[in-house]
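*Asks:* Sequence:
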Amino acid sequence: MVDARDVAQAMINAVERGKNGDRYITAGQYYTLENLFQTLERISGIPAPKLRIPYNLTVILAWFSDNYARLTSKKSVIPLEGICIMHEKNQLDSAKAIKELGVTFRPLEETLTDVVDWYQKTVVIQQNTEFRIQE
168 MVDARDVAQA MINAVERGKN GDRYITAGQY YTLENLFQTL ERISGIPAPK
218 LRIPYNLTVI LAWFSDNYAR LTSKKSVIPL EGICIMHEKN QLDSAKAIKE
268 LGVTFRPLEE TLTDVVDWYQ KTVVIQQNTE FRIQE
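For the sequence shown, my numbering begins at 168 and goes up steadily by one.
Keep in mind the hints are simulated off the structure, nothing from the lab.
We put the CB at the ideal spot given by N, CA and C, even for glycine.
Computed spacing ranges between beta-carbons, pair by pair:
#, residue 1, residue 2, range
1, Ile-179, Ser-240, 35 to 45 Å
2, Thr-239, Arg-172, 34 to 44 Å
3, Ile-227, Ile-179, 42 to 52 Å
4, Ile-213, Glu-248, 21 to 31 Å
5, Asn-257, Arg-172, 14 to 24 Å
6, Leu-200, Gln-287, 21 to 31 Å
7, Tyr-286, Glu-201, 19 to 29 Å
8, Ser-211, Arg-190, 30 to 40 Å
9, Val-244, Tyr-286, 13 to 23 Å
10, Leu-203, Met-178, 16 to 26 Å
Go ahead and model the full structure; you've got the sequences and the hints to work with.
*Replies:* Here is the structure:
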């Protein structure tokens, strides 16, 4: 997980200091969903989900969700591709970007604190869990 502000700074650094034609990974640190939810709970005061659904059951539910979405021309509630990607636990190495571009990554807590603050100021969370931007 990486803060978009850190990625933006990495892009600027790549233009200023990067080697022409090189590629840089700016992935930040790897966090599990459990880490993410625990941090969000601590910051927001909203309890993290307690129910854990086994991966195989999640895949089945996502398959049904995707197919139902195709039949009804709606969005899948549980996209199978997203479930599979989250299960892969890809841990990418940003060492080259850190060394050559001077990229730094802010802590998860700082990023999520800013996200929660933004949502509280900008987004109205309605009873039926729909979101809309305040005008």
